[in-house]
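Chains W and C, in that order, give the protein sequences.
The letter at position 92 of the first sequence is residue 92 when you use our numbering, and the numbering goes up by one with no holes.
The letter at position 37 of the second sequence is residue 37 when you use our numbering, and the numbering goes up by one with no holes.
Treat the hints with caution; some may be incorrect.
Since copy identity is lost for identical chains, a pair holds within one copy or between any two.
For lysine-lysine, the following PhoX-like pairs were computed, each having C-alpha atoms within a straight-line distance of at most 25 Å [claimed, not checked]:
| # | residue 1 | residue 2 |
| --- | --- | --- |
| 1 | Lys228 | Lys329 |
| 2 | Lys186 | Lys135 |
| 3 | Lys355 | Lys315 |
| 4 | Lys359 | Lys135 |
| 5 | Lys186 | Lys228 |
| 6 | Lys228 | Lys315 |
| 7 | Lys355 | Lys116 |
| 8 | Lys135 | Lys116 |
| 9 | Lys359 | Lys22 |
| 10 | Lys228 | Lys22 |
| 11 | Lys135 | Lys106 |
If you're looking for bench data, these hints aren't it; they were derived computationally from the structure.
Protein chains: 2
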Amino acid sequence: MTERIHNFNPGPAALPLSVLEKVQAEMLNFRDSGMSILEISHRSDLFGEVLASARNRARRLFNLPDNYRVLFIQGGASLQFAMAPMNFLGTGDRADYINTGTWATKAFEQATLLGKNVRYAASSEDQSFSCIPTKADIDTGARYVHITSNNTIRGTQWRTYPDTGGIPLVCDMCSDMLSRPVPVEKFGLIYAGAQKNLGPAGLTLVIIREDMLLWNPDAVMPTLMRYKTYSDHYSMYNTPPCFGIYVAEKVMAWLEEDIGGLEAMASLNAAKAERLYGALDATDFYQGTAAEADRSLMNVTFRLRHRDLEAIFIKEALAAGLGGLKGHKSVGGCRASLYNATGMDAVESLVAFMKNFEKRMG
Amino acid sequence: MTERIHNFNPGPAALPLSVLEKVQAEMLNFRDSGMSILEISHRSDLFGEVLASARNRARRLFNLPDNYRVLFIQGGASLQFAMAPMNFLGTGDRADYINTGTWATKAFEQATLLGKNVRYAASSEDQSFSCIPTKADIDTGARYVHITSNNTIRGTQWRTYPDTGGIPLVCDMCSDMLSRPVPVEKFGLIYAGAQKNLGPAGLTLVIIREDMLLWNPDAVMPTLMRYKTYSDHYSMYNTPPCFGIYVAEKVMAWLEEDIGGLEAMASLNAAKAERLYGALDATDFYQGTAAEADRSLMNVTFRLRHRDLEAIFIKEALAAGLGGLKGHKSVGGCRASLYNATGMDAVESLVAFMKNFEKRMG
Numbered sequence: 001m002t003e004r005i006h007n008f009n010p011g012p013a014a015l016p017l018s019v020l021e022k023v024q025a026e027m028l029n030f031r032d033s034g035m036s037i038l039e040i041s042h043r044s045d046l047f048g049e050v051l052a053s054a055r056n057r058a059r060r061l062f063n064l065p066d067n068y069r070v071l072f073i074q075g076g077a078s079l080q081f082a083m084a085p086m087n088f089l090g091t092g093d094r095a096d097y098i099n100t101g102t103w104a105t106k107a108f109e110q111a112t113l114l115g116k117n118v119r120y121a122a123s124s125e126d127q128s129f130s131c132i133p134t135k136a137d138i139d140t141g142a143r144y145v146h147i148t149s150n151n152t153i154r155g156t157q158w159r160t161y162p163d164t165g166g167i168p169l170v171c172d173m174c175s176d177m178l179s180r181p182v183p184v185e186k187f188g189l190i191y192a193g194a195q196k197n198l199g200p201a202g203l204t205l206v207i208i209r210e211d212m213l214l215w216n217p218d219a220v221m222p223t224l225m226r227y228k229t230y231s232d233h234y235s236m237y238n239t240p241p242c243f244g245i246y247v248a249e250k251v252m253a254w255l256e257e258d259i260g261g262l263e264a265m266a267s268l269n270a271a272k273a274e275r276l277y278g279a280l281d282a283t284d285f286y287q288g289t290a291a292e293a294d295r296s297l298m299n300v301t302f303r304l305r306h307r308d309l310e311a312i313f314i315k316e317a318l319a320a321g322l323g324g325l326k327g328h329k330s331v332g333g334c335r336a337s338l339y340n341a342t343g344m345d346a347v348e349s350l351v352a353f354m355k356n357f358e359k360r361m362g
Numbered sequence: 001m002t003e004r005i006h007n008f009n010p011g012p013a014a015l016p017l018s019v020l021e022k023v024q025a026e027m028l029n030f031r032d033s034g035m036s037i038l039e040i041s042h043r044s045d046l047f048g049e050v051l052a053s054a055r056n057r058a059r060r061l062f063n064l065p066d067n068y069r070v071l072f073i074q075g076g077a078s079l080q081f082a083m084a085p086m087n088f089l090g091t092g093d094r095a096d097y098i099n100t101g102t103w104a105t106k107a108f109e110q111a112t113l114l115g116k117n118v119r120y121a122a123s124s125e126d127q128s129f130s131c132i133p134t135k136a137d138i139d140t141g142a143r144y145v146h147i148t149s150n151n152t153i154r155g156t157q158w159r160t161y162p163d164t165g166g167i168p169l170v171c172d173m174c175s176d177m178l179s180r181p182v183p184v185e186k187f188g189l190i191y192a193g194a195q196k197n198l199g200p201a202g203l204t205l206v207i208i209r210e211d212m213l214l215w216n217p218d219a220v221m222p223t224l225m226r227y228k229t230y231s232d233h234y235s236m237y238n239t240p241p242c243f244g245i246y247v248a249e250k251v252m253a254w255l256e257e258d259i260g261g262l263e264a265m266a267s268l269n270a271a272k273a274e275r276l277y278g279a280l281d282a283t284d285f286y287q288g289t290a291a292e293a294d295r296s297l298m299n300v301t302f303r304l305r306h307r308d309l310e311a312i313f314i315k316e317a318l319a320a321g322l323g324g325l326k327g328h329k330s331v332g333g334c335r336a337s338l339y340n341a342t343g344m345d346a347v348e349s350l351v352a353f354m355k356n357f358e359k360r361m362g
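With the sequences and hints as input, model every part of the structure.
So this is what it looks like as structure tokens:
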């Protein structure tokens, strides 16, 4: 294939073409330095400007209050599953988790592995995680409440965040970060691997309420597991994932300057999802798998009425230039991920293909 | 500056131009997938081939025995400073460290921070780390002996590795990994951030003797801090730093196919260093700072007899297309890093500039 395809991958996922073109154009010579971005010191002024710009763009896009910090970390959400309880739960402390699927379960399991006092305040496991729990039995003494804002595997999403009575949310926002505005004040910690809406795998964006940097100061842990290390050193205690930060800065520039910010991005994302869910709902040939009220705007999960057509559907879609439509191996079926960089043109092409496929096979 | 410069950066550092050109050429469409390498799933066959090739190239280049594993991790050497003692030292265990500079000290401090029983078996601190200790008082009951194979700040390098009486070396090889053949059998663990001789920052190459995966199995630690997690999941427990692995694979392909392996690379590196040290030694105008027997082939540290000319030297060198010559801020002076991708042509240009500078200023 010599042309670019429409990319519905669940992550790593589509990036804006204009960003990739800029990365390509300056790969051999970054800002007239005579060196690639891959070859310059993280302590250079050139990289310092990239890092500061990335931090400031994140502050503006999230509309962060002054008492929040932006950190760039490695290790993905899976490392955050451990860092959050290590940093926030001292002896005698406890936290609540809400279970909405595989990743929420993994976050909980990492806290229990570390011997932390955590419990589920709510779960939709008895409904196969096809929905978001409608209410949670939140412990008023919990230090935080952990949620997964969007569930890539099951295709559900918190449309509004739970009322915790002022207890800060700790949120795995991997798969919908920067897809819509967020009421940051409800959150104590937001973390997200970059590889959906922000950039390359290997970079984690973390937003933390600054008082929480000091919640468990005496705990023994590696220096790089402590949020305060990143805050004190502006994410440069050691060499950061420079290329990831560089791409993320460009993606956030695209969001601010080409898209117009998160309100505008949210409108585009809502329109894309509405178009695709509308097409699914217009026929019995395709069947959405998530409860309608909790449908994700990022990951549209569906089955074909004739299950044995699904492999053919995915294969023919790819041949037609529509990639990444296979559902997660743990649930099967189909999934179209509609992250920020997957445009309405991609959705229109998918809808047209789906109609044609139904006509031929239905 | 519209041309590429000669890059003597200490890390992130120069990469082979042919590698950067390939990365650039396929940035929008990796292997006819219609997607960038940044946009494809880490679980795809396409990426699986990249990962397997990177692992196999590392095995061949290091000539690894069957009982060693190659792991790709995030977090840099600074995370390894913690992971090694966490994974290898259980209750009652102890380890020896040899102190040859800033990074060796940091490795030791991380072990003590975690409450591990470690001590220095040797140190060159009383000689301002200008040399490698000639002998070490190694505890025969130590589980491992930690060394830093090359010291970027002070410009020293272990030319031959210490005799430990069979105790495995745990080695921070950040700044000379893949620059020369290594007698792997002496080592239990080799770790190195990619950003000198392998690729982009944000990737750590780890080589581990497989029995050591099981040395401290009952310790409580985050899943991602355990080497066995990476070994069991072929470095894919969670999303790996895909782009870093992709570039590293290309750099190792260059080493194998263009250079001809580590023996050939070592000869080239020795010739480059000999040329530059020869130029330093031919005049009193420049003064090498490391003990002659322990001089690093990777980082040539030097001062100008007239200290107040150093800033001018560095500035004029950059204007002449020779970048990255400033010494580490903790020691000052000058430093030319001669990693694999910095060729003899760069060294010849530097030597010519140095002669001309001396003539004008001397």
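Going down the list of hints, with the structure as the test:
no., hint, result
1, Lys228 x Lys329, "between (37 Å within a copy, 24 Å between copies)"
2, Lys186 x Lys135, "within (17 Å within a copy, 58 Å between copies)"
3, Lys355 x Lys315, "within (16 Å within a copy, 64 Å between copies)"
4, Lys359 x Lys135, "neither (42 Å within a copy, 80 Å between copies)"
5, Lys186 x Lys228, "within (21 Å within a copy, 37 Å between copies)"
6, Lys228 x Lys315, "neither (47 Å within a copy, 36 Å between copies)"
7, Lys355 x Lys116, "neither (50 Å within a copy, 64 Å between copies)"
8, Lys135 x Lys116, "within (24 Å within a copy, 45 Å between copies)"
9, Lys359 x Lys22, "neither (41 Å within a copy, 43 Å between copies)"
10, Lys228 x Lys22, "neither (33 Å within a copy, 39 Å between copies)"
11, Lys135 x Lys106, "within (21 Å within a copy, 48 Å between copies)"
Hints 4, 6, 7, 9, 10 from the list above are not met by this structure, while the remaining hints are.
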